[in-house]
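K.L.:
Take a look at the letters that make up each chain.
There are 6 protein chains.
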Amino acid sequence: MILRLDRLQTELPPPSDPDPDGASNVQELLGGRFGEMSTLMNYTMQSFNFRGRQGARPFYDLVANIAAEEYGHIELVAATINTMLTGASPPADGRPPGDALEGVKSARNTQHFIAGGQGALLQDSAGKPWNGDYVFSSGDLVEDLTHNFFLETGARNNKLKVYEMSTHPAARALTGYLLVRGGVHQIAYARALERLTGADLTKMFPTPRIPTEKIPECQPHIQRGEHLKLYRFSPDDYREIVAVFNGPHPETGEDLQVVEDRVPEGAPWRDLPPQPAVFAPDYAPEEISEIAQRLRQAAGLPKEPTGAVASDGERGVVDKVVDKLT
Amino acid sequence: MILRLDRLQTELPPPSDPDPDGASNVQELLGGRFGEMSTLMNYTMQSFNFRGRQGARPFYDLVANIAAEEYGHIELVAATINTMLTGASPPADGRPPGDALEGVKSARNTQHFIAGGQGALLQDSAGKPWNGDYVFSSGDLVEDLTHNFFLETGARNNKLKVYEMSTHPAARALTGYLLVRGGVHQIAYARALERLTGADLTKMFPTPRIPTEKIPECQPHIQRGEHLKLYRFSPDDYREIVAVFNGPHPETGEDLQVVEDRVPEGAPWRDLPPQPAVFAPDYAPEEISEIAQRLRQAAGLPKEPTGAVASDGERGVVDKVVDKLT
Amino acid sequence: MILRLDRLQTELPPPSDPDPDGASNVQELLGGRFGEMSTLMNYTMQSFNFRGRQGARPFYDLVANIAAEEYGHIELVAATINTMLTGASPPADGRPPGDALEGVKSARNTQHFIAGGQGALLQDSAGKPWNGDYVFSSGDLVEDLTHNFFLETGARNNKLKVYEMSTHPAARALTGYLLVRGGVHQIAYARALERLTGADLTKMFPTPRIPTEKIPECQPHIQRGEHLKLYRFSPDDYREIVAVFNGPHPETGEDLQVVEDRVPEGAPWRDLPPQPAVFAPDYAPEEISEIAQRLRQAAGLPKEPTGAVASDGERGVVDKVVDKLT
Amino acid sequence: MILRLDRLQTELPPPSDPDPDGASNVQELLGGRFGEMSTLMNYTMQSFNFRGRQGARPFYDLVANIAAEEYGHIELVAATINTMLTGASPPADGRPPGDALEGVKSARNTQHFIAGGQGALLQDSAGKPWNGDYVFSSGDLVEDLTHNFFLETGARNNKLKVYEMSTHPAARALTGYLLVRGGVHQIAYARALERLTGADLTKMFPTPRIPTEKIPECQPHIQRGEHLKLYRFSPDDYREIVAVFNGPHPETGEDLQVVEDRVPEGAPWRDLPPQPAVFAPDYAPEEISEIAQRLRQAAGLPKEPTGAVASDGERGVVDKVVDKLT
Amino acid sequence: MILRLDRLQTELPPPSDPDPDGASNVQELLGGRFGEMSTLMNYTMQSFNFRGRQGARPFYDLVANIAAEEYGHIELVAATINTMLTGASPPADGRPPGDALEGVKSARNTQHFIAGGQGALLQDSAGKPWNGDYVFSSGDLVEDLTHNFFLETGARNNKLKVYEMSTHPAARALTGYLLVRGGVHQIAYARALERLTGADLTKMFPTPRIPTEKIPECQPHIQRGEHLKLYRFSPDDYREIVAVFNGPHPETGEDLQVVEDRVPEGAPWRDLPPQPAVFAPDYAPEEISEIAQRLRQAAGLPKEPTGAVASDGERGVVDKVVDKLT
Amino acid sequence: MILRLDRLQTELPPPSDPDPDGASNVQELLGGRFGEMSTLMNYTMQSFNFRGRQGARPFYDLVANIAAEEYGHIELVAATINTMLTGASPPADGRPPGDALEGVKSARNTQHFIAGGQGALLQDSAGKPWNGDYVFSSGDLVEDLTHNFFLETGARNNKLKVYEMSTHPAARALTGYLLVRGGVHQIAYARALERLTGADLTKMFPTPRIPTEKIPECQPHIQRGEHLKLYRFSPDDYREIVAVFNGPHPETGEDLQVVEDRVPEGAPWRDLPPQPAVFAPDYAPEEISEIAQRLRQAAGLPKEPTGAVASDGERGVVDKVVDKLT
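Residue numbers (the numbering used here), protein chains in the order written: chain A, 92 to 417; chain B, 92 to 417; chain C, 92 to 417; chain D, 92 to 417; chain E, 92 to 417; chain F, 92 to 417.
Check before you lean on any hint, since a few could be wrong.
Intra- or inter-copy, both count: the list cannot distinguish identical chains.
Stated by the list, open to error - EDC-like, lysine to aspartate or glutamate: derived pairs with alpha carbons at most 20 Å apart: (1) 305 <-> 291; (2) 394 <-> 327; (3) 320 <-> 342.
Hints were generated in silico from the structure; no laboratory data involved.
Bound conformation, chain A alone (with noise of 0.2 Å):
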């Protein structure tokens, strides 16, 4: 079972210049090989299927609790997608359609405007779709590590590319933060399988071989620490990480360390505004908010929506020191 919290473990930057192109390619993060669908499925996967869970404990609350935070990159890296596509089709005008996505007819994705309301599909950058066949769930312990240590590897190159190929903001703010987080499951992983076998995989630190702490908008993540904890993503549960994820970090050689009461404040998601030329969410969308505000009325719920969402007048913590060093 799982909490949800409607809230982002980083904040993203508002809508600026639309970048369909950048969108696409920022798809390979949700939906490729190596995207945070792979590691979010995997991990998930491998925790529900893990056998004699009470022996191995340490290595089960590791992958089970890693999981959990991968829901919370699945998140960021959609949201991502939306704020690249908000704008690409023009604001409503009150006349009947015309040709509003004539603009987009190149673009590498246009199913993004087809299929779905400029918002983000569960395919990779060649528009292939994700599938359970990305998942490696082989019930050896051992070897399921060794594909994660693998998995996030790939993982990291693919976000350092998506990164080199993106300078829209919302890319940026995005690969800079993954990269610094799946970091930790990098580590987490070659740490857990020297446990187990006495192989010390963290020689083979970075894969690629350049250091995280070099690309700048990793830094703010560095500065606060990020790079060393692993939060606990439960009320209560997963307690014996601890266990594994310890010692020094492979690169900077600082202790690393589990959170145990807290997870990452984050930021509320933006309330990206309505796309009416292709109906998201709805051709008309004040006529959804008139009928949510009658029902919200008739529940007894005030009168203002009870969600938060980020307000683009205030730029957070990350975006200010982002700003100092670009």
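Once you've looked at the hints, dock chains B, C, D, E and F against the given chain A.
P.N.:
Quick look at chains B, C, D, E and F alone, frame taken from chain A:
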């Protein structure tokens, strides 16, 4: 973000007679077009892509919150498949590998053994991987809800058929529970459409046209009112589902309820035994236990694993009611 | 069994400026999940698999008959794609192959040229092949109809978006026609569900929430009442559709009509010119013509080809009305 | 455009012993790479994409007309699969769902029951969906015909093997008919290539090298000359096939014939009985019948359904000849 | 470029009892994600894409040379599948086709008979085709080697399980050989990573944690030192593998060796008998033999075929050792 | 078994202007349905599955030997793609990752950069992976040969179109060579069919109907007689191809020849430069070189790498002839 609870939404029986072909069919409920992975990821992606969510907050909250419950459903299906596969290979006998898997060489899905460790795969009943094309997220609210109503209808059909195809206790416990909870989601989407358009879809219930209450394994859940309740799967968010999910149940006329302050009590996962013939979690699982024990000690953790698992000695409430009925 | 008529259901304009990227997007209406191949094969397979059809004859007739109309729709989309691709490679110049296709090397779908002869492929807008998983045929009548209503809703969404993405005259003529005819099918399935369950789905119209009549290219067809008529596409069969398809149009209130004695007049196919750079129908098409001429003579056929094709000199009725409107 | 006739091209026997595994293999003839869906859609797409068709009219007519006959073939395969699956679940007994499908839990294709209503799926014998990549439409006439000849060769191979694998009467009636008719198409494409290039492909007959006449179930059709005739499946079009389809039959030397004025008499579809365990057409089919009856009455239709279905009491001509031979 | 030798890397036993379901599982070792087609094409593509290969020559040579050995492995798996399928249909009896394949209608993979001629398909154990997404070729040397180590680990897992699932002599001879040779490749990639990064991956051996030497069918190969040798599969190239492949074997401590001057002696292919029921190589194979005989004579070739095939009369060395052990 | 030669079958020009979209189209010749991977694996699998091969030895030898040549063709296509991608990202500048890939963010296939290291992928021009369903291996010799003739025909069509779409020197050198060599294989299969059945398929040449000699880039190869020769790609085997491959060339009437004692001289691979922006072979390739140097020294290898690579200073014979012609 999510917080993960190491607990199942309902209790499943312990392993009994292994049933590999049965497990291969239950896979449809995990990785089939209408399986729980589909309901999970459809509602999850729709919530990520929801534009203008403040204006449509009750609908956003509904979709996002049901998505959260679905996570618990993929857990249940995976646990059932693992249960049904347990025992299909012999226990370790200290000898080198022999013909431990010959007995399953004609099983419908031998990848349960070759690729997996007698565990669930992200596939359907034909061994085809779940894929991202099963996700529909148009951004158009009325259309997405229409899809969701149809999806739940197809899911109910598949659950009923897997029920009829399986007498294994785990499959029956699973389908009995899912039919009741899926029914609630089917109602929720029908009601949401009614609120937005005025169309009374509740007249279409039940589809297929067999009342849920006729299924014996559904009875315990119905008796506890589980067919009427929508749980809020979040500490603080998704408070506006109550604006949509209300009014009479389409079949019984009873009042629908939102449960604000707790999620289903459920039950701890069972700690399914190792299956050394498939190296899950190892050819010699006791070695892993010893390492784990040492690591836990070094980390100052208690001697006994801190995670809770079901004790086979005690049978759960649901089981007892089922006993009476069957 | 079918009898095939060498004629299109509506007239399409002659080739004008080639538009390969536009054609790549129109492919969604042929081979996409909600394309015409999907509507064709869903209803076709449902009719093949219909059990107890005498008892449910009006519903069987409805599904089987709409399937027959859909065949004409895949023809129209394919003809449009061919039209839009015509001229994208230069005419024959008697010289050996050179760089005739260099101008399209960055086209979205270069397989139009490499695999095809500047013709339609059975793919969607991302170049992914149509596949049999898009067919839903559960055998449960209420469920199949629910699916069909949802399918037509998704199809309408996609047609609207392809309309907005394309200003090419052929794409506009196509979508203008399909929106009107697909709307009739959407109504037919909603009405069928109403007849079976009492649920008034017609309140959900239009979805997406933009009336069809606002699309200029739909107007000529609406003015001829095409939004109200269901043609019987059979010499003698499917006579009971009238038992389901009746009552008021959900948007306009006008009476729905079954046309028993004729199918749409339509128009002959245009004879699209050879594209020798892609060897369609040959590198030297005149050789084929000569052989064909000899064979026809030997068979005692008239000197001129017996098949009718559209003459570019005369513009059709529809074109003329469109002219006025635009 | 097509006109659809509610009639099969040949008669199939009534359901007898259900044969789910047999049906799973017959699927190859529907949705396999060389199945009837492939022949249908290859020739259909080639006809849509045919450029310069006036100049090559006899060849266009040939391809377009054979495409029309193939539609009748997917009907026949689907009807066969439905026939073989009938009875594999028990008739309704008025009780709630139990274990009606347990008997088929180890069937090769359980999606016949879970996804379908004991009906045909658009899959091959391995449960893999038919897909658009099976369509070859290069636009190059010689090359498309070369493909078609190869496709018919592969199709003949598959029909022969499904014949050898199946003794179920419906499968035998199907393959007996399809072998004869597919043989005609194989000849037609070989002859067309001969007309265009001078290459005498007819020397390659038969491939595989077993004469069709040795198959007992082919005999009734051969005796009626069905191995020599190409029917024109159109009221008025495709008149020039006679310019290509003529000359001696490659195996027997008899004259090939074009039948201009009629299509095969065939037989009405059988009205296969409901299978309530899979909700086809409903859990309680009689309710649908009552509603249908009311609707027909309201529409002024006769009391008895107007559609013709085969009467199990009378056996067809083909059956009787088969009787004698076996 | 390659030179092909008409010889297998190790001897396989002659056909004995046919085992179609066994063969369907062995397919995993040919076309599965971790099958030999994957090892072949991963290393092959990595060698094609290797940039800066002069600077990294020992590593290039290693990858390119192992790729060459893998070709011999797909041969062996295919030969095994053919062996296991031989005899599953009856020999020719001079009669027309009857029900020769009825006995295999419930086989797990009937496409062995329908699509193939009782021969190997490029599929996995679920009948899913091998595909290019199984190839990982990032160009980053450390990452590609990490992948290769993981791939060999997964491959070893699958071989062990197919071993346990199969008692057919051909499957046992195959897996006994592949486990030994795959083990060498697993070591080679671990050593290469150690050379590049210093990480001692050899501590992870064996994975799964069962020593290869415990498998009786591996013993003959181990006794000949095959677990220590890397053959250079090239007349003149790939001379620098020796710079990487050296040092102690991770399990036994023995010295690893590069064999420079010869490849494994192996054994000729067996000439598996025709299976006329599936038309392999023909319905009447003797006709082909006669034609071939005439052609060879006309070309001045010797009267007896020049190609060498295994004689069933003599059993090979490996077989004899296996005999003793079992 | 194979022996691998570190050499290409023909010379390719050095990298010049990078052409990512061009490279994306050349992928069709590697991983497309009619690409070289298909020809390689079709003939390879057919040779593995060949039953009764002694009786049909000349045909077995033909198929097995052409398979061996095809391996060299996938090398050539991969090398071409690598050449065309070289330079598409900037050289290393010692700075941290920036926007090195922004220039290719709208490329047709961005996975060349994200998944690969500016190297070839096993995909077609639409980014769809090559898959095992492209392999046809029925075991029926006449049918397999019919397929092979058709496959080569489709391959020739695709090569001609990629030629017309690409003016990049590497693509032109590639297609010029492949058209000539593929033409030989097309003839070989036609002749084999003629030998077996008497059907004179050579009358169908050329298909598409444009003589190969009209392509300037084919001229150098034709002038050296490469359109007439079948090389025996084996030290000792496949000696009976001469029994089939003989007689006149269908277009020129010249005598076909079997080259027994040598394979094409070809050319060494070019050592394409690192592309550090995509980490190929590393972010800092010089580190790998230093390690390699040390390892080679320790192994007693010469100081200079032993492998031969093309020197960019000298242009090959083929290039010079092409120079004159263009």
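K.L.:
Hint by hint, which ones does the structure fall short of?
P.N.:
1
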